[in-house]
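**Q** Let's have the full structure, built from the sequences with the hints guiding it.
Below, each chain spelled out in residue letters.
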Amino acid sequence: MSVIQSSTTRQDDKDSPERISELRTTPIMVFRKYLPWFVTVLNLTVFFIVWELFARSEVVSDLFLPRPSDIWAAVVEGFQIGLFQQHLIYSLRNFALGLGLATLVGVPIGLLMGANRVVDSIFSPYVWSMASLPRIALVPLFILILGFSDVMKVSIIFLSAIFPIIINCMAGVKTTDPSLLRAARVFGAGRRQLYTKVVFPFTLPFIISGINQGMTRGLVGLIIAEIFGGNRGLGFLIVRSADTYNSPRLFAVLIMLVIVSLSFVQGIRWVEHKVAPWRREAAL
Amino acid sequence: MATAAKSADGATSTNGVAIVAENLTAGYQKLKEKVRLTALADISLTVRKSEFIALVGPSGCGKTTFINVVAGLLPPWSGTVTVNGEPITGPGPDRAMVFQNYALMPWRTVEENIKLPFEFQGKGRYSEEEINPRVSHYIELVGLAGFERSFPYELSGGMLQRVGIARALVAEPDILLADEPFAAVDAMSREAMQGELERIIEKTGQTVIFITHSIEEALILADRVAVISYRPGRLREIVDVTFERPRYSYDVKADPRFAPLREHVWGLLRAEALGATRGELET
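Chains as they are written, first to last, in this note's numbering: chain U, 1 to 284; chain G, 1 to 283.
Keep in mind that a hint or two might mislead.
To be verified - Each computed DSS-like pair below joins lysine-lysine, with the alpha-carbon atoms no more than 25 angstroms apart: (1) U:Lys-174 with U:Lys-274; (2) U:Lys-274 with G:Lys-115; (3) U:Lys-174 with G:Lys-49; (4) G:Lys-123 with G:Lys-203; (5) G:Lys-115 with G:Lys-34; (6) U:Lys-274 with U:Lys-33; (7) G:Lys-203 with G:Lys-115; (8) U:Lys-197 with U:Lys-274; (9) G:Lys-30 with U:Lys-174; (10) G:Lys-203 with U:Lys-197; (11) U:Lys-174 with U:Lys-197; (12) G:Lys-203 with G:Lys-49; (13) U:Lys-174 with G:Lys-253; (14) U:Lys-197 with G:Lys-123.
To be verified - Computed, partial: chain G to chain U, Cβ under 8 angstroms: (15) Ala-71; (16) Leu-74; (17) Pro-91; (18) Met-97; (19) Phe-99; (20) Asn-101; (21) Ala-103; (22) Trp-107; (23) Phe-151; (24) Pro-152.
These aren't lab readings, by the way, just hints derived from the structure by calculation.
If you're wondering where the values come from, they're calculated on a predicted model, not measured in any experiment.
Backbone N, C-alpha and C fix where the C-beta goes; we use that ideal spot for every residue, glycine too.
**A** Structural data, given as structure tokens:
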């Protein structure tokens, strides 16, 4: 079935390119490659079918567990009347703003804190106390000061996202492999080059990991801020749907949230893989 | 082969002296603690041009400190070290190092790693057009043709060290410092790498200071072997190694002079090594 071409091996080099031979693509190889996808699709299909049947059996009230078919109808309806787009875009816009600012501010601070002991001691008490505080506790205060405005929401997202970013960047700089620094110095690297050509590339996966964590926390901040107050956004939609006993719509929003969140996380992981394929273990 | 004195003394005025250390004392001091760790005490050593000298001694005896000083990474506490007559003020293009754990930038390809000295030190005496051919030349010299675009994580230990060697030699330094370069390489590759190194240095002609734990490795590779005592490191003795070169072309260990020489060096080190394992410190 499969054809393996024999290769000529070079005696001296056990890893020579000639030793790695090409195989002809066979059906079984295609099958095995796509098998995980296939299993997942099958898995989810079964899941929704079971859900549908269970919901139809009315063991649990329709209110608590709507049918997937109803949920789907709500999704379609929500987009048709423009409701979902409106709130989705609103939320995403604020999220992007909050996360973007957190990255812009957090990365330099984190890198500086890692590089410089003085900066570290100056910022440390604030960073660690704010990082430990559940940001949700700040929401009532922020509403008091900033009302239900967009500024309030962006602030909460910003504060939720920034601390993992700072902490990861700091850790990245501090744990830069000293042998790399030594090697760079031997070959004549100046202080500036040490930072730009050794520390920064080394830290990049940490930065991305920090943004990843900032993203997940920022999302939490977003939803919380929208649930607490205001009349727009996914969080608001969740509360509204619950208040109006519109369970299919509620679930529809939740599922959208899952998809959004998953996309972000997978997106970042893809970026990380592109930028730093050499990084095997996850940073922090 | 020129005869060498059994012990080192001051600089000879003739041409051909690369490195002179006189009464060198150096060590490390931790900022927070009051402890000063003297790694090397009163070392005097002369290394001739194009000589291959090995430093052997138990762990922690200051061998790495010595090459850190020669590399310009560490200032001496007292005494002097000169390279080609000039005192050392810092790292320079005339000295390069090969590291035990390769110290390659994992985000750079093989050829980008080898180009590194030019990026940091500037192109020196080479023009822009000359650099890429030089890099290719050294990639070929170490036997890694075809792997220019590979990343370190794709290569084996022996291959990684060859990249390290190419990187060290690409800017044609006068002096090559090797900090146990083959310690992390598997045993079979290690033997092959020893031969490779000799073959390469034969062509490029650097002065080499080579640190190793392996007495055999020192005897196989070096013209002279300097035995360093345990902390603080002092020069116990320098042993001449007069086996014919090229040593990769025959089995040096089979030479009848090899075993007695090894015994001799081991005898010098035995007491030191035992002291090291018991963690005894000389004051």
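**Q** Each of the hints needs a verdict: does it hold here or not?
**A** Consistency of the hints with the structure:
1. U:Lys-174 with U:Lys-274: 23 angstroms, holds
2. U:Lys-274 with G:Lys-115: Holds, because 23 angstroms separates the two Cα atoms, which is no more than 25 angstroms.
3. U:Lys-174 with G:Lys-49: 40 angstroms, violated
4. G:Lys-123 with G:Lys-203: 22 angstroms, holds
5. G:Lys-115 with G:Lys-34: 41 angstroms, violated
6. U:Lys-274 with U:Lys-33: 21 angstroms, holds
7. G:Lys-203 with G:Lys-115: OK: G:Lys-203 and G:Lys-115 at ~20 angstroms, within 25 angstroms.
8. U:Lys-197 with U:Lys-274: 18 angstroms, holds
9. G:Lys-30 with U:Lys-174: Holds: G:Lys-30 and U:Lys-174 sit about 18 angstroms apart, inside 25 angstroms.
10. G:Lys-203 with U:Lys-197: 31 angstroms, violated
11. U:Lys-174 with U:Lys-197: Given pair U:Lys-174, U:Lys-197 holds - Cα atoms ~15 angstroms apart, limit 25 angstroms.
12. G:Lys-203 with G:Lys-49: 15 angstroms, holds
13. U:Lys-174 with G:Lys-253: 46 angstroms, violated
14. U:Lys-197 with G:Lys-123: Holds. U:Lys-197 to G:Lys-123 sits at ~17 angstroms (cutoff 25 angstroms).
15. Ala-71: Check passed: Cβ of G:Ala-71 comes within 5 angstroms of chain U, closer than 8 angstroms.
16. Leu-74: 11 angstroms, violated
17. Pro-91: 5 angstroms, holds
18. Met-97: 5 angstroms, holds
19. Phe-99: 6 angstroms, holds
20. Asn-101: Because about 6 angstroms separates G:Asn-101 from the closest Cβ in chain U, which is inside the 8 angstroms limit, the hint holds.
21. Ala-103: 4 angstroms, holds
22. Trp-107: Hint holds; G:Trp-107 Cβ to chain U Cβ min 5 angstroms, cut 8 angstroms.
23. Phe-151: 6 angstroms, holds
24. Pro-152: 7 angstroms, holds
In this structure, the earlier hints numbered 3, 5, 10, 13, 16 are contradicted, and the remaining ones agree with it.
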